[in-house]
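K.L.:
Now for the letters of each chain:
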Amino acid sequence: MQKGIKRYGKAPSKLLRFDKCARAGLASVEGEAEGREALLRLPESHWMQWRERCASQLCDASIRDALQGFVAMRFNRLMERTIGRFVTGAGTVYLPASECMHLLESFVAIGRGKKGKAYKEWLFDRASCGGIQAIEGGVTVLIRDVVREHARREYAPSFMTTVNERVQTSSGRSVTLEQLVSGGPGPDDQLAAVELQDIASGQAAMLIENLEHREVTAILAKEIGLSLADPVVLEVAGCRKSVLNDSHRKLCGRIADILAERFAREDLCVVRQLVALTLGELSNLVMDRARKTSAYNRLFTAVEKT
Amino acid sequence: MRRRTKRFDDMSVETEKLRLWLVEWSTDRMLNGSDSEELPRHWTPASTSGRSLKSAKPGQIYLLSPETAALARRLRYMAILDRRSDGAIMMAPFSRFGVPATQGELRTGRREMHLRVLCLWNARWIRKVCLPAGWHVANMGRCLLASAMNVHHAFTEDAPVSCDLKDLIGPSLKHPLDPRHEYIAEEKHWLDEYLERPLIKESLQYVYPSTEILSMAAESRARYGGGIAGKRSAKKKSRR
Chain A
1 MQKGIKRYGK APSKLLRFDK CARAGLASVE GEAEGREALL RLPESHWMQW
51 RERCASQLCD ASIRDALQGF VAMRFNRLME RTIGRFVTGA GTVYLPASEC
101 MHLLESFVAI GRGKKGKAYK EWLFDRASCG GIQAIEGGVT VLIRDVVREH
151 ARREYAPSFM TTVNERVQTS SGRSVTLEQL VSGGPGPDDQ LAAVELQDIA
201 SGQAAMLIEN LEHREVTAIL AKEIGLSLAD PVVLEVAGCR KSVLNDSHRK
251 LCGRIADILA ERFAREDLCV VRQLVALTLG ELSNLVMDRA RKTSAYNRLF
301 TAVEKT
Chain B
1001 MRRRTKRFDD MSVETEKLRL WLVEWSTDRM LNGSDSEELP RHWTPASTSG
1051 RSLKSAKPGQ IYLLSPETAA LARRLRYMAI LDRRSDGAIM MAPFSRFGVP
1101 ATQGELRTGR REMHLRVLCL WNARWIRKVC LPAGWHVANM GRCLLASAMN
1151 VHHAFTEDAP VSCDLKDLIG PSLKHPLDPR HEYIAEEKHW LDEYLERPLI
1201 KESLQYVYPS TEILSMAAES RARYGGGIAG KRSAKKKSRR
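Line by line, the protein sequences are chains A and B.
Be aware that the first sequence starts at 1, since it is given in our numbering, and climbs by one per residue.
Be aware that the second sequence starts at 1001, since it is given in our numbering, and climbs by one per residue.
No lab work stands behind these hints, which were simulated from the structure alone.
A couple of the hints might just be wrong.
[To be verified] Cβ-to-Cβ under 10 Å is the rule here; a few derived chain A residues that face chain B: (1) ARG81; (2) GLY116; (3) LYS117; (4) TYR119; (5) GLY137; (6) LEU142; (7) VAL146; (8) ARG153; (9) TYR155; (10) VAL167; (11) GLU235; (12) MET287; (13) ASP288; (14) ARG289; (15) ARG291.
[What the hints assert, rightly or not] Pairwise CB distance ranges, derived in the manner of DEER restraints: (16) B:GLY1141 <-> A:GLN57: 26 to 36 Å; (17) A:ARG53 <-> B:ARG1051: 20 to 30 Å; (18) A:ARG53 <-> B:THR1068: 26 to 36 Å; (19) A:VAL194 <-> B:ALA1159: 47 to 57 Å; (20) B:GLY1109 <-> A:MET206: 47 to 57 Å.
We put the beta carbon where it would ideally sit given N, CA and C, even for glycine.
With these hints in hand, go ahead and build the complete structure from the sequences.
P.N.:
Below is the structure:
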């Protein structure tokens, strides 16, 4: 432990620089070069006083400032390295020295009793072989925890992963949050999907027999990419665009009602999925039939021309 | 088909849980390695002021003293879950994150940063001779202890967890590339390493000196007896 003090004594310029930094608190944090920081050391007596008097606020003014400066420097540097990437204006994540120390002392303690300050015992036991370097390293470990907690509380949404955003894995590959949660399709999901598709095909085959000419025209026009307001479509349908739109909307509603009645025992989301699949299958069937019917040739020709 | 709907609802809850955990994980990754001086190079464990956990009781929470490098790198809080008549203790570590990562982790409802999530998947029985030293810092309530045992049982026996605890546990782990595998490996590693530390073995096994001290067979070495034999033979010759 003497080693640290000796080192401190040998480098008065560093001491002056650090004291200056501690006094100035936040302002000097920005100006300090990262490389120099590792060389800055506080005498062990500062830490011992902090240990004895429980809180930095109870320490002598000069020691309190030095301790707060030490913590603030590391805290703000870590904040800049993590949250600074996500928040515009890195300086906005900096906290005043006294607040950094307050966060450290309040976040790391367990409850308010003396027992809850066992982290100080841990810190100084850890340092009994490593000297001042081990104390400061230990404090850095604690500050790291505090920074993580502070970031979670104050800045979580700024680096929140969205469902479709890719998450980097240790292997270098990336997956979306959605994939992580679902774990990819399982055998049950595949079976259910096949089952639903079969049901939808059967329903579509039954429904197509009862479709009116307008409804077929509307489905076909949508399938091949023509607007329901297109003059050719309206001519084939033999009605106005509002009537055609209305008949298409009513058809979708009718199919939904039919399927909801037939599969009343199933959950609503399954029925919705079945409706969507049935409409898709119905469009395919209509397309196949229309190709063989001369009445709809004009629609295909209109698409080919465009 | 009913199962599909239920699964859909569960997925949105799990997505939110995982999203919150990933926030903490990504911050942790960014913070890791930002300081290389957390533990001095030639650090060795010293005697601790912490007391042995031999008298620990179920429900107590201990901060483990820095007896090994793994324990010195981070504050490690452990909850005592159970105790056997032979003195062995079942302990579970607390997570460093505030959100449960897997279904084997339980949100404790405590405010303290280091005691918010209990990693029951990493619970171990530790023999009396291997018990660590530490400081008793807090106690868990009976209700929390019962919940912890319930989640531990559900995790180890692959049984369903109690309904009222479902919101307090983490999302399920399915995907092989999930970063939580890395987290689990890390957490498991330090405890494995700690439990495998030589305690009894040291007294039974011969400890070899380092290879620098032992010379190789082909190397030149001092004469047997350190040249005394040579002196003796010289004395004999002089007598003759």
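K.L.:
Less than 10 Å between beta-carbons is the criterion; does VAL146 of chain A satisfy it with respect to chain B?
P.N.:
Given a least distance of 8 Å, the restraint on VAL146 of chain A holds.
K.L.:
How does the Cβ-Cβ distance of ARG53 of chain A and ARG1051 of chain B compare with 20 to 30 Å: does it lie in that range?
P.N.:
With a Cβ separation near 24 Å, ARG53 of chain A and ARG1051 of chain B satisfy 20 to 30 Å, so the hint holds.
K.L.:
Given MET287 of chain A as an interface hint, is the shortest Cβ-Cβ distance to chain B below 10 Å?
P.N.:
violated, 28 Å
K.L.:
Verify the interface restraint on ARG153 of chain A: the C-beta must sit less than 10 Å from at least one C-beta of chain B.
P.N.:
holds, 9 Å
K.L.:
Please check whether TYR155 of chain A passes as an interface residue: C-beta within 10 Å of a C-beta belonging to chain B.
P.N.:
holds, 9 Å
K.L.:
Holds or violated: is the Cβ of VAL167 of chain A closer than 10 Å to a Cβ in chain B?
P.N.:
holds, 6 Å
K.L.:
Taking the least C-beta to C-beta distance, is ARG289 of chain A closer than 10 Å to chain B?
P.N.:
violated, 30 Å
K.L.:
Per the CB criterion, is LEU142 of chain A less than 10 Å away from chain B?
P.N.:
holds, 7 Å
K.L.:
Does the Cβ distance between VAL194 of chain A and ALA1159 of chain B fall inside 47 to 57 Å?
P.N.:
violated, 31 Å
K.L.:
Lying within 26 to 36 Å: is that true of the beta-carbon distance GLY1141 of chain B to GLN57 of chain A?
P.N.:
holds, 32 Å
K.L.:
Using 10 Å as the Cβ threshold, decide whether ARG81 of chain A counts as touching chain B.
P.N.:
holds, 6 Å
K.L.:
Taking the Cβ atom of GLY1109 of chain B and the Cβ atom of MET206 of chain A, is their distance within the range 47 to 57 Å?
P.N.:
holds, 55 Å
Checked against the numbered hints listed earlier, the structure breaks hints 11, 12, 13, 14, 15 and 19; every other hint is satisfied.
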